[in-house]
Amino acid sequence: MDTRQLLERQSFIELDARSRAKRLLDKGTFSELLDPFQRVTSPWLMRQGIVTQADDGMVVARGTIDGEPAVVLGIDGGFQGGSMGEVSAAKIAGSLELAAEDNRNGIPTRAVILFETGGVRLQEANLGLAAIAEIHAGIVDLRRYQPVIGITAGPIGCYGGMSIAAGLCSYLIGTREARLGLNGPAVIEQEAGIAEFDSRDRPMIWSFTGCEQRHRTGLVDDYVADDADAMRAAVIDLFRAGRPEACRSERVAGFLARLSEVDPGVQATPEQVAAIYGKGFQS
Amino acid sequence: METIVLEFPAGQPAQGRALVGVVASGDLEVLLEANAANRTVVNITTSVDGKGRLWQAVLERIFGDGSLPAAKLEINDSGATPGVVQMRIGQVFEQLKSTGGA
Chain L
9 MDTRQLLERQ
19 SFIELDARSR
29 AKRLLDKGTF
39 SELLDPFQRV
49 TSPWLMRQGI
59 VTQADDGMVV
69 ARGTIDGEPA
79 VVLGIDGGFQ
89 GGSMGEVSAA
99 KIAGSLELAA
109 EDNRNGIPTR
119 AVILFETGGV
129 RLQEANLGLA
139 AIAEIHAGIV
149 DLRRYQPVIG
159 ITAGPIGCYG
169 GMSIAAGLCS
179 YLIGTREARL
189 GLNGPAVIEQ
199 EAGIAEFDSR
209 DRPMIWSFTG
219 CEQRHRTGLV
229 DDYVADDADA
239 MRAAVIDLFR
249 AGRPEACRSE
259 RVAGFLARLS
269 EVDPGVQATP
279 EQVAAIYGKG
289 FQS
Chain Y
132 METIVLEFPA
142 GQPAQGRALV
152 GVVASGDLEV
162 LLEANAANRT
172 VVNITTSVDG
182 KGRLWQAVLE
192 RIFGDGSLPA
202 AKLEINDSGA
212 TPGVVQMRIG
222 QVFEQLKSTG
232 GA
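In the order they appear, the protein sequences are chains L and Y. All the letters of the first sequence, read from the start, carry residue numbers 9 to 291 under this note's numbering. All the letters of the second sequence, read from the start, carry residue numbers 132 to 233 under this note's numbering.
Just chain L, with the same shape it has in the complex (with noise of 0.2 angstroms):
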């Protein structure tokens, strides 16, 4: 990107969920579901003393994408660090839900997941992790009619629950700015020690977690830059690929014979990784 370009396009990461929504769909087709003005909030918060949002974090936006129906499900990650809580992550497991149903009844509805997420937010423990299972279950129902892309653009990236909703889009997107773990750096170091896991060594941590060595090691297939045209072509382009003929998730013989050539006793590098993960995971 050159100085130029930099100074005319449209940051895709300094948008918020409602804008990024806007600017995937076609111009003019947004309109919202459970809006908020319907005030469709978090009924466990207050109790603990927390200022709820009035759409609970997350954007539920229809509309069409390169002429057909499409639902943009959006996560604010500036509220509670995108956390999903049971009406969050509810709004996208009944959305995908939905247009599952419309596929079977002869619309092809197809959906963009933002993830700007940690994983489940902690203050409604087992109902947000009970809403992320039915979003996985969502999208493996969806991904057999239609392709769903999921896209982290950062800057809070994709954590935890979400991380596995993630892997099992039929397509992932992601930035330079945005990482993609089951586990955040902290716990990672907390759990097995800061000699394996600096939290505070960033250029580290987006070495390995970071969406181009994501890209790099075939776990986001498409790498774009922070740019709002560029995420919107990305995604039509994806949507006019059509189904992957497999996806990543059911490619499990090809993934296990990657990890068999990792060896745990040796220390990882992030090249290691890329030489070994690089080769695909074709069985």
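Because the hints were derived from the structure by calculation, they are not lab data. Just so we're clear, the structure is a prediction, and the values are computed from it rather than from any experiment. Among these hints, one or two may not hold up.
[What the hints assert, rightly or not] Listed next, with one range per pair, are the computed distances between beta-carbon atoms:
| # | chain 1 | residue 1 | chain 2 | residue 2 | range |
| --- | --- | --- | --- | --- | --- |
| 1 | Y | 179 | L | 264 | 46 to 56 angstroms |
| 2 | L | 48 | Y | 179 | 42 to 52 angstroms |
| 3 | Y | 215 | L | 55 | 18 to 28 angstroms |
| 4 | Y | 179 | L | 190 | 33 to 43 angstroms |
| 5 | Y | 143 | L | 19 | 33 to 43 angstroms |
| 6 | Y | 183 | L | 279 | 52 to 62 angstroms |
| 7 | Y | 180 | L | 208 | 48 to 58 angstroms |
| 8 | L | 138 | Y | 132 | 42 to 52 angstroms |
| 9 | L | 260 | Y | 181 | 49 to 59 angstroms |
| 10 | L | 134 | Y | 143 | 46 to 56 angstroms |
| 11 | Y | 147 | L | 206 | 43 to 53 angstroms |
| 12 | L | 282 | Y | 183 | 49 to 59 angstroms |
| 13 | Y | 181 | L | 199 | 50 to 60 angstroms |
Each residue gets a CB set at the ideal place from its N, CA and C atoms; glycine is no exception.
Given the coordinates of chain L, work out where chain Y should sit on it, guided by the hints.
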């Protein structure tokens, strides 16, 4: 967490509704809807306790002269500074004018 309700004089009912902001650290969310003429009601839920007088003073500066449209405002605040509060409220009325609401 604390809830504060404040009332101010206002003009004609606001046309439409609008939303700005995020309940992120140091920020706030403002939802604006129409109210009956001549009165604006602001419902504030804030993560910071004991700042009722500060809210009264900041909002008095914005609404005190009664020139803004009559509205019901809901503010969900996560520790925004008075400057941010003033900016977000300005933005929500701006949005109301430019788009006729969200």
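Verification of the hints:
1. Y:179 / L:264: 46 to 56 angstroms: For residue 264 of chain L against residue 179 of chain Y, whose Cβ atoms are near 52 angstroms apart, the range 46 to 56 angstroms holds.
2. L:48 / Y:179: 42 to 52 angstroms: Because 25 angstroms falls outside the window, the suggested range is violated.
3. Y:215 / L:55: 18 to 28 angstroms: Since residue 215 of chain Y and residue 55 of chain L have Cβ atoms about 27 angstroms apart, the given range 18 to 28 angstroms holds.
4. Y:179 / L:190: 33 to 43 angstroms: holds (35 angstroms)
5. Y:143 / L:19: 33 to 43 angstroms: Check passed, 38 angstroms falls within 33 to 43 angstroms.
6. Y:183 / L:279: 52 to 62 angstroms: holds (58 angstroms)
7. Y:180 / L:208: 48 to 58 angstroms: violated (32 angstroms)
8. L:138 / Y:132: 42 to 52 angstroms: Violated, since residue 138 of chain L and residue 132 of chain Y (Cβ atoms, about 26 angstroms apart) do not stay within the stated range.
9. L:260 / Y:181: 49 to 59 angstroms: Roughly 56 angstroms apart at Cβ, these two residues keep to the hinted range, so it holds.
10. L:134 / Y:143: 46 to 56 angstroms: holds (49 angstroms)
11. Y:147 / L:206: 43 to 53 angstroms: holds (51 angstroms)
12. L:282 / Y:183: 49 to 59 angstroms: Holds - the Cβ-Cβ distance for residue 282 of chain L and residue 183 of chain Y, about 56 angstroms, lies within 49 to 59 angstroms.
13. Y:181 / L:199: 50 to 60 angstroms: violated (39 angstroms)
Comparing the model with each numbered hint stated earlier shows that hints 2, 7, 8 and 13 do not hold.
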